[in-house]
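Chains as they are written, first to last, in our numbering: chain E, 84 to 584; chain V, 32 to 154.
Source of the hints: derived by calculation from the structure; they are not laboratory data.
Computed list of chain E residues with no C-beta within reach of chain V, every gap over 10 Å: (1) T374; (2) T498; (3) C558.
No farther apart than 20 Å at their CA atoms in a straight line, the calculated lysine-lysine pairs in the PhoX-like style are these: (4) V:K35 - V:K83; (5) E:K455 - E:K398; (6) V:K144 - E:K455; (7) V:K133 - V:K144; (8) E:K456 - V:K144; (9) E:K456 - E:K398.
Covered stretches of chain E, going by a simulated chain V footprint (3 or more residues, C-beta under 8 Å): (10) 227-241; (11) 244-252.
Glycine included, each C-beta is placed from N, C-alpha and C at the ideal position.
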Amino acid sequence: MIDSFAFNIPFISIFLAMIAAIITPLLPKQNRIPENLSCCVIGIIGILSAYLLYALTNSGQSLSFNFKIGNFPVPYGNELKAGPLEAVLSLFFSLSMLLSLTGNFSSTEEDIAPNRRQLFCVLVNLIMSSLLAMTYTNDIFTAYVFIEISTIAACSIVAVKESPETARAALRYLVMSLVGSGLILIVICLLYNLTGHLIMQNMHIAIQVLVSAKSYIMPLTVSLALITTGLAVKSALYPFSFWLPDAHGSSTNLSSAILSGLVLKGHIFLLIKIFYRVFGLDVIHALRMDTVIFILGLLAMIMGSVHALRQTNVKRMIAWSSVAQVGYIFLGVGLNTTAGIAAACLHIIVHACVKPMLITAAGGLSNAAGHKKGLHALMGTFYSNVWAGLGFMAGAFSMMGIPAFAGFASKLSLTMASFDHPVIVWSLAALAASSVLNALYYVPAVIVILTHNKNMNNNFSAPPPTRLYKISMTCFLALNFYLGLFCMPLLRLITRGVNVL
Amino acid sequence: MLEKLILNHYEIAAVILSGIGLMNLLLQRNLIRKIIGLNIMNTAVYLLFAAKGYNAEYPPVPAGLILTGIVVTVSVTTFALALTLKLYETYGTLNIDEALMKMTLQQEELEAKIEAQEEELIS
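Take the sequences, apply the hints, and build the full model.
Below, the structure written as structure tokens:
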């Protein structure tokens with residue numbers, strides 16, 4: 084058995100982030116106190132998650148546990164469920180959030196008015212708490228409430244920068260998100276009617292009974308299709324992803340990093356939980372949703388990269404590349420095996436670490452070019468900000484899947500997962516084509532930043548990168564190489580976690 | 032068939048209302064109408080919940096869920112209205128297409144200005 088402190092960690096980490104969000108507006112604004120508080124809280128959550136992971140892996144027989152909030156009995160109470168997978172995800176989410184915060188400190192201070200920074204910290208803490216809640220919750224209605232909290236907070240961090248584009252981009256994002264959460268709410272209502280439960284494991288038992296009796300197959304199919312659509316809209320799966328580049332192109336760097344590195348991932352993990360814990364893989368296969376997800380994933384991998392090829396703005400290019408990477412995750416989910424879902428979870432972690440690094444690096448480069456975001460303006464910026472240049476190159480190589488970089492590990496595990504599966508030809512062809520397409524737009528970008536710019540405007544001198552920027556970039560690079568070189572123990576841990584999900 | 036429809040009239044009303052709401056949310060170009068569509072859709076779901084969610088063992092659960100849901104809808108509506116206000120202050124219109132047109136026009140003007148400045152610098 085695990086000790087009682089580790090047993091309380093899932094609740095404590097959600098609660099800490101919520102409390103931090105509530106008390107931040109009451110703090111004095113001087114000396115970066117709100118920012119430091121957010122960083123501290125997120126750091127503490129990271130340490131707690133690491134301890135939970137340690138306690139779970141050393142606990143012996145039972146790898147996961149259910150935590151009843153306040154010990155109320157089931158229909159009135161609320162449950163959290165923690166296992167190795169949840170602990171790993173919250174550890175990497177908090178690491179990535181912390182490094183994005185510290186890495187983008189100066190760009191956030193440039194973009195956001197001083198009187199708004201405190202409120203920005205509130206939003207960051209709210210996003211962190213909703214991410215943790217989506218990771219740990221075992222109650223589908225709690226998941227809905229936190230989906231809405233993350234929607235409001237994510238739209239606000241897009242709109243927080245004062246520029247004419249952001250209000251429109253945020254509204255577009257909000258409308259798409261509201262369609263998604265409306266669909267999720269309808270499905271929760273339908274599933275509650277069908278099963279009489281809101282706790283995911285109890286719903287699973289009821290659904291198994293319904294399916295084995297071959298009754299209510301149609302309502303179950305409709306519910307599954309609607310909740311998949313709803314969460315696909317929120318996680319920017321290809322045909323529903325047109326809001327993402329808008330939201331990225333105009334917002335501040337930290338918002339982009341949080342949005343595509345973390346907010347999308349919370350919704351994808353919730354979808355995985357609904358597939359694995361609520362319906363069960365055999366039911367998903369019987370209702371043929373795995374094929375739909377697989378095809379949409381293939382489409383996203385190819386079309387995201389095709390769209391990225393046509394962009395001239397570096398942040399929009401990275402946003403479309405996120406769409407392609409989300410396609411990889413859905414490919415793993417669509418394989419509908421334990422290995423496939425473990426590979427998808429590994430790719431969630433890899434992308435959550437690499438994409439914020441790429442965005443932070445691109446922000447540093449465009450700063451060195453005088454706040455221009457066009458790809459041509461970045462010519463030769465590697466030499467004015469070497470740390471950002473190195474981060475950008477490592478991120479780009481990782482997205483292409485060069486060995487030793489993080490992206491290689493998850494692509495390898497996706498390939499391995501698709502081997503004993505009838506769709507192997509399709510998934511291998513799509514992985515190859517998508518890697519080539521990724522290279523087609525990342526290699527030119529890397530060449531551009533490495534080319535010496537002869538007619539560079541000499542009277543403009545960019546501020547040198549701060550020490551904090553260098554430290555966070557070093558940590559990002561270390562994380563990237565750790566994931567690329569030593570991913571096998573992590574993958575084994577994730578597989579054990581998926582088995583007890 | 033007709034008997035079943037009459038028997039389940041709450042559900043029929045909820046389905047029709049949520050369809051109307053969803054289509055308004057997706058297809059209307061005016062933002063205020065979009066937000067009204069959102070409210071119609073969510074209210075329809077609560078109607079469905081109230082009609083179907085009755086559970087003899089635990090009667091208060093659906094009521095609690097609907098209360099939470101109403102709070103969520105109110106906060107989302109407030110946030111959407113605040114963003115709409117910001118859009119109106121920036122562009123002077125509530126139509127999302129017109130706002131896009133004005134934005135592209137502004138950007139083109141800005142780019143033309145920058146090009147003219149660069150040409151001046153070169154000459």
